[in-house]
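Please model the complete structure; the sequences and the hints are all you need to start from.
So the sequences go chain by chain: A and B. So that you can map any letter, position 66 of the first sequence is 65 in numbering that gives the first Met the number 0, and since no number is skipped, the others follow by simple counting. So that you can map any letter, position 36 of the second sequence is 35 in numbering that gives the first Met the number 0, and since no number is skipped, the others follow by simple counting.
These are calculated hints, taken from the structure and not from any lab test. Bear in mind that the values here come from a model prediction, so they are computed numbers and not experimental data. Mixed in with the good hints there might be a few duds.
[Said to hold, decoys possible] Keeping only pairs whose Cα atoms sit at most 25 Å apart, straight-line, the calculated DMTMM-like set for lysine to aspartate or glutamate is:
id	chain 1	residue 1	chain 2	residue 2
1	B	Lys43	A	Glu158
2	A	Lys101	B	Glu55
3	A	Lys102	B	Glu33
4	A	Lys102	B	Asp6
5	B	Lys73	A	Asp53
Now for the letters of each chain:
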Amino acid sequence: MADDSGTKSLSIIVTKGTLDWAYPPMILSTTAAAMGLNVTLFFTFYGLTLLLKDPKLRMSPLGNPAMKMPMMGGHMGMPNLMSMIPGVDSGATAMMRDMMKKKGVASFEELRSLALESDVRMIACQMTMDLFEYTLDDMIPGIELGGAATYIEVATQSEINLFI
Amino acid sequence: MADQILDAKGLNCPLPILKAKKAITALPAGGTLEVLATDPGAVKDFAAFSRTTGHEIVEQTIEGNVYRFVLRRKG
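Shown next as C-alpha cells:
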C-alpha cells in the first residue's frame, strides 16, 4: 500500500540459495529501490545462504534440464547423470561466473552491497536460522531477524509481493 | 551539455539503472545526467525508470551500438 508520501512497496520471499537463483531477488530489489520503492526481502530456508558473510554460491545442472550453456556456437544441456561426476558442478559454477563477467553482469556480492546501500530491508527467518544452526555472526551486518507474522505484516502493506 | 556524464557501456541489467539512480540523486533538482549504455534493454528500462521516478528523459539518441540518454532530475 502506498504510504502517506505515495511511496510504493515491494516484498520478496527468497527461498533459493544457488548462484543462478540468487540473482532475481537482488536484481529486482536493487532496481525497485532505485525506482523509489520501499523494499523488503524475507530470506527463508536455502535463501538464508544469500545472507552469509562468505556465501560461496554454487549451481548445478542436476535436475535443471533448462540449463543450456552457450558452447561451440550452440547451446548444450547436460544429462543428470553427468552431475554425479566430481567437478561437474564446480565447472558449471565457474563457467557461469565467467560468462557473467564477460557480459558485464554484476557479481552477486556487488548487487547485495548495492541493495544494502539503498536501504533494502533484509529479514532472516528466525525459524530456519535455528533449524540450520546459523547465528547472526554468520550473516552480513545490517540484517534483522523475524518470523512469518513479520513478513505478513509487510506483505499487507506492499503493492507487489513475490515468492522466488 | 549535461551537468554530469555516466559511462555505463558494457554493463548489463540492472547496473546502468542503478548507477544512473546514484548519479542523478547527487545532482541538484533540474540538473542533467547523460548516460551512455550498450545494453539494448536500457531503452525500455530507462523509459520505465523515467515514468516511475519522474526524472524526465530530455534527449535520446543511438550512435552505433551506444544508447545515449539525457535525464533531468525531478524538480
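Now the hints, each set against the structure:
Between Lys43(B) and Glu158(A) the alpha-carbon distance is near 22 Å, which keeps this suggested pair within the 25 Å criterion. A hinted pair counts as satisfied when its Cα atoms are at most 25 Å apart, and Lys101(A) with Glu55(B) does not qualify at roughly 32 Å. For the hint linking Lys102(A) to Glu33(B), the alpha-carbon distance of about 22 Å falls within 25 Å, and the restraint holds. Restraint check for Lys102(A) and Asp6(B): the C-alpha separation of about 16 Å stays at or below 25 Å, so the hint holds.
A distance of roughly 39 Å separates the Cα atoms of Lys73(B) and Asp53(A); the hinted pair therefore is violated under the 25 Å criterion.
Of the numbered hints stated above, those contradicted by the structure are hints 2 and 5, listed in ascending order.
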